Amino acid sequence: MVTKVMQIILSPLLALIVGVFFLGLARKIMARIHWRYGPPLIQPVIDMIRLFCQKSVSHGRMFDLGIVLSLAGSIVVVLFLPFGKICPLSSSGGLLVILYIMLLAPLGMALSGGEGANPNISIGISRKLILSLGYEVPLLLVLLAVMTRYKTISIMEVVNAQQSTGWSIISFPLFLSGLSYFLILPAILGIRPFDVSSAPQEISSGPMAEYGGKYLALATIEHAFVLFISIALFVNLFLGGAANPVIFFVKMLVVFVLGLCINAVFPRFRIEQAIKYLWKWPTLLAFVGLIITMAIRS
Amino acid sequence: MSLELLLIIAFGGAVLIYFSGKISPKLRNCLAVVVSLLLVAITALLYGKSPNVTFYPGFFGIPIILRLNVLSWFFAITIVGIGLLSIVYSLQYIKDEKRLDYYYFTMLFINASMLGTVLSGDLISFFIFWEMMSWSTYLLISYKGGRAIGAGLKYIIMSIIGSLTMLVAIISLYNRFGTLEITALSSQMQTAPIDYTLFILILFSIAFVIINAFWPFHTWLPDAHAEAVSPFSSVLSAVLVRKGMYGLYLFMYVILGLNTLNKLSAGIISFNNVFCWIGAITIVFAALTALLKDDSKRILAWSTVGQGGYMILGVAFATTLGMAGGTFHILNHCIYIALLFFVAGAIEHQTGGVRDLNSLGGLIKKMPVTFVGGLVGISGLIGVPLTNGFVSKWLIYKTLILQGHPFLAFAAFLGTWGTILYGYKFIHNIFLGQLPEKYKDVKEVPFTMQLPIILLTILVLLFGILPGIPLKVVNAIGTSFGFESLNVTIWGIASETGTLNTINIFSALLVAAVFVWFLFRLGAKSVPVAQQDTYAAGTHIPKDKYHYTAEFYGPLYRMIKPFLRDVIDEFYYWIASSMQRLSDGVRRVYAGDVGYYVMYIILFIALLIFVQLKWKPW
Amino acid sequence: MDRNQITKWFKAPAKMANKYSLHVIYFCTGCGIIEVPPVITARWDAERFGIIPVATPRQANLFLITGYVSVKTLRPIIRTYEQMYEPKYTIGFGSCPVNGGMYWDSYNTIKHLDKYIPIDGWIAGCMPRPEAIFIAVTHLWTLIDKEMANGYIKYRENYKSYRRNQEMALGELEWPPLFPVSDEPRGNEQ
Amino acid sequence: MNKSLREKLESTFKDIQVAVLEENRIAVTAENHGVLAILRFLKDAGFDHLALLSAVDWIEDNCFEVCFILTCYMQNDDEVTGRQRLHIILKTKIPREKPQFKTVIGIFPNAEPYEREIYELFGIHFEGHPRLTPLLLERNYEIPPFRKDFDTRKYVEDVFDKIPFVEGKDK
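Chains A, B, C and D, in that order, are what the protein sequence lines are.
According to the numbering used here, the first sequence holds residues 1 to 298 in order.
According to the numbering used here, the second sequence holds residues 1 to 618 in order.
According to the numbering used here, the third sequence holds residues 1 to 190 in order.
According to the numbering used here, the fourth sequence holds residues 1 to 171 in order.
Don't read these hints as lab results, they were simulated from the structure.
Every value quoted in this text rests on a predicted model; they were computed, and no experiment measured them.
By construction, the Cβ of each residue, glycine as well, lies at the ideal position given by its N, Cα and C atoms.
Incorrect hints may have been included.
[Said to hold, decoys possible] Far from chain D, some chain C residues (derived; all Cβ distances over 12 Å):
id, residue
1, 52
2, 135
3, 143
4, 167
[Stated by the list, open to error] DSS-like cross-link-like pairs, simulated, lysine-lysine; straight-line CA separation at most 30 Å:
id, chain 1, residue 1, chain 2, residue 2
5, B, 525, B, 443
6, C, 115, D, 162
7, A, 55, B, 365
8, A, 151, B, 525
9, C, 146, C, 160
[Stated by the list, open to error] Sample of chain C residues at the chain B side, in silico, Cβ under 10 Å:
id, residue
10, 55
11, 56
12, 57
13, 73
14, 77
15, 80
16, 82
17, 154
18, 175
Just chain A, with the same shape it has in the complex (with noise of 0.2 Å):
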């Protein structure tokens, strides 16, 4: 009872200390590709502590509250993640609940930027809700495949069974559903090919515009978390999730500099591009996956 404790206490803990690095990695890996020197690895941090220090002003107890379920969502879809093999909640709901979880973060920053009164939030959010409808179709079909391919719907068997019979993103069917979702990956992290709901030059930031001291530090903890649990997923998906942290978080290092190099060089798409991109070429392939995953398996 005591490690189950522990592991809950840590791993959410773990996810906060890769999800920072990798935000601060992404700046860095972004400088050098800009041919710039970039800010110190920790730069996230000092920016974190900076907003704690600033005081800010609030819309409405929505306002206050929104960010705080959004956070707490974060937090608890991480619980249900195998971490290497710390994985606390996995006994109480499988991936459905991580899908149907993985709501509560979106849906808490809309009703707390709606608070804000500011059309360049409502722009914002309804694109991020678009977005997300756009990316959660070729998303869907690849969780189906994976979860028709190991006839279960609960993440640590999908795990263990990899463990024997290897990578799933090697196996033929789920080959194409590996490649799928790494397509999609800018999308649901919300990065540069895909940042149409924040872009700063357009809606100056969408849902984040009225964010700032407290409020943006959360939201900046809350995208960390995202950034985390969009690879950790794909990591226990198609990449057999590791026996201990430090593969795991190898793993997750490898993935994340791929889909940051993509996104260094893309222009932002408009969000009917966006769109027509998500449901052309991934969801193409995240389809075929599945037909085929179907005839293996009947």
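Please build the complex by placing chains B, C and D on the supplied structure of chain A, with the hints as guidance.
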């Protein structure tokens, strides 16, 4: 505590209220509440028992039977519960309309007739109460006059078609088996040939699919909801539409039973498969059409159509988990859609009849209780964890995936994401953003309208965190149909292929939220600020113009609008207009004066003579 | 990071964090803004010092006014300054915000910007070079260290006279006063 | 081409001086009551683009001078020889005390903002102008700022320098 007492109170109460309304409105209001309370009390007390009452009203000697089992109790409690809440809600809501006695009478009469359909033990009384329900619904839909009459007409035509097919089926059953009593029928139907059972089942399911507003027959529901009065549209969408589901249960499981149902398949096209695909199309089509609507009630109407698809997906799979998921979803949908219609009605009542989502906004500061109700209702509709919608959807998805139907599951997921989009649009355009100038002095709704909203909000959260309570009843229904019982515990389902533990999720979320709240309090205290003080690149914020609601998902509309033309609705209107042209032509033939008729006779005789001479048939 | 850096971090993390994470919001007026893009991009990378351009004043704590301030642009500048959160610093870029620069006798420009909003740092020069921004930022660091970058405290304490100056320059202001001016009612709550 | 234009102009209008400044610049000075007729004549002659409407303040001989610059929109500059298209500069003088002028929006609709600007900065009133309201300036001045007798330095002293610096604590 017998069944006739229940029905007598229900129908007698309706008549009593009509006449007491003549005496004084106050007496009528409290009488209505007392009658509904009495109904709820009696139904609750009838939980465990299953009485069976038969009496012969001297009607061709066919017995009228009233019986109660756990299935009909489950539907009865939702009917009387939502009936009570809508009566309490309409005390204040409808205060300044005219013809209130007529309104209260039809409201209670509909509740009584729905109760009758659920309690009826044989098909004749089922059909009688069914007809009473359809006609009184027509009366109450067209209560407000104007466009409501057109909507009511549309409803009554489609429900008449349904009743006629049901009547044909009942008559053919009677002359084949000689009895209409359900238990007797279920034993004799086992021996009936397959094609006959399929014929009966299709006839009955047409009636139930129409009232349940599945995809091909859904066109009456959006108009009926948009035009009906708010308390009635919550009864209509929460409970009345689900009578179709009760009918399907009655026929697929009570009368036919499990084994005959599975035999009904020719190759891969089995009855269940067709129903599932209709359900899937309903979900996706309704969810995406709801996105395009701007009227708050129309969005909820389309979501009712969509949610029906989840129920049939769960139920038509005839596995224990699917059955539990479908039945539990009926209860959940009934709770949160009634809550959402009460919220939409409250907004309409306070802002003077404004339902257009483009001109509302910022009401969260003025109507906090309604906002909490709307938020919890929408999160229930979406299926956010810790709300009841999540548990039933989890069950349905698990059946779909483990039975190996990923594409049905994909359609259901797509429907959920469409629900998220129009759910947030509903919340954002009404409650968030800038408060327009003309709603500055909008106050919170009176307490009698807040009470149903608060009660239903508590129910949504309670069944979400402790799903064991309703799941016990749902499990009893499953076992009564012959499924093996689920391992239900207070916090969810414990089964080896993946358990659901809502208590863990709730406690994890609670601890995380408290921890983040302390992290939030760590920073300096934030100064509350008016809605004018928001970022506008340093310029002055114009009144009423700094608000983004019109065409909330503009880019998405432009992409999916051409695919979502309601072809079925246009097809029905085409049939109606062609029928009208045909009858117009016939009217010209019978012009009315005798000269024409004589001419027709002569012509006909000439024709006969000509045929005789030409071909000599005789 | 030499040893006293680490001790400084533990002694006053807030001050150090304010120094090394300056999110800038530029007010692009006049001819100064053309100097800012080279500061952000590869040649003079500002991100090394933790300086990132942000979109809204809510997220910023450094306000850079680049170029002459006409009477009309004074309104957005004041509003943007008031919408920034409390430990905030401003830098006047170029000689025009200092004393009107070459428009010293024009009827339409604001001469001394620090009569209306407190300015912590000046960069003289009729469009100074991008490196001048880094020099100003390093000076700002020393000011923050010595607790002298207290423009926002001065604004809070002397808000009445600032508000009076603004009204003298612009006539009637259409946004309520930020801090309670004793004689006028406080119009900031909803 | 401008030779024939000169004769046409001098023949149709009497008190008008036409001078060819350079190779394709024609300066026309006329009395202010004849200006509208000349403008209409030139517009029919093909000069349909009012490139500029401005005023000059001759404070010594106590008059304003309103200048119109017209070109033919479709005739573009000649790339080969680099010769610019033909510009006509029409000037009239109006008294300085109560500067009045008739609006030319009837002939050239795009003159509306130019006239508002000249009214705001010089104080020349254009009757018949639909909305003669301030266009650019934030505040109103008793002497319009572009006039020569408007002393900017004195204005700056008594408006901006009166605003005190903010030192020390508020009481």
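Right, here's what the structure says about each hint:
{"no.": "1", "hint": "52", "result": "31 Å, holds"}
{"no.": "2", "hint": "135", "result": "25 Å, holds"}
{"no.": "3", "hint": "143", "result": "18 Å, holds"}
{"no.": "4", "hint": "167", "result": "10 Å, violated"}
{"no.": "5", "hint": "B:525 / B:443", "result": "29 Å, holds"}
{"no.": "6", "hint": "C:115 / D:162", "result": "11 Å, holds"}
{"no.": "7", "hint": "A:55 / B:365", "result": "23 Å, holds"}
{"no.": "8", "hint": "A:151 / B:525", "result": "51 Å, violated"}
{"no.": "9", "hint": "C:146 / C:160", "result": "27 Å, holds"}
{"no.": "10", "hint": "55", "result": "9 Å, holds"}
{"no.": "11", "hint": "56", "result": "5 Å, holds"}
{"no.": "12", "hint": "57", "result": "7 Å, holds"}
{"no.": "13", "hint": "73", "result": "9 Å, holds"}
{"no.": "14", "hint": "77", "result": "7 Å, holds"}
{"no.": "15", "hint": "80", "result": "4 Å, holds"}
{"no.": "16", "hint": "82", "result": "9 Å, holds"}
{"no.": "17", "hint": "154", "result": "19 Å, violated"}
{"no.": "18", "hint": "175", "result": "7 Å, holds"}
Of the numbered hints stated above, those contradicted by the structure are hints 4, 8 and 17, listed in ascending order.
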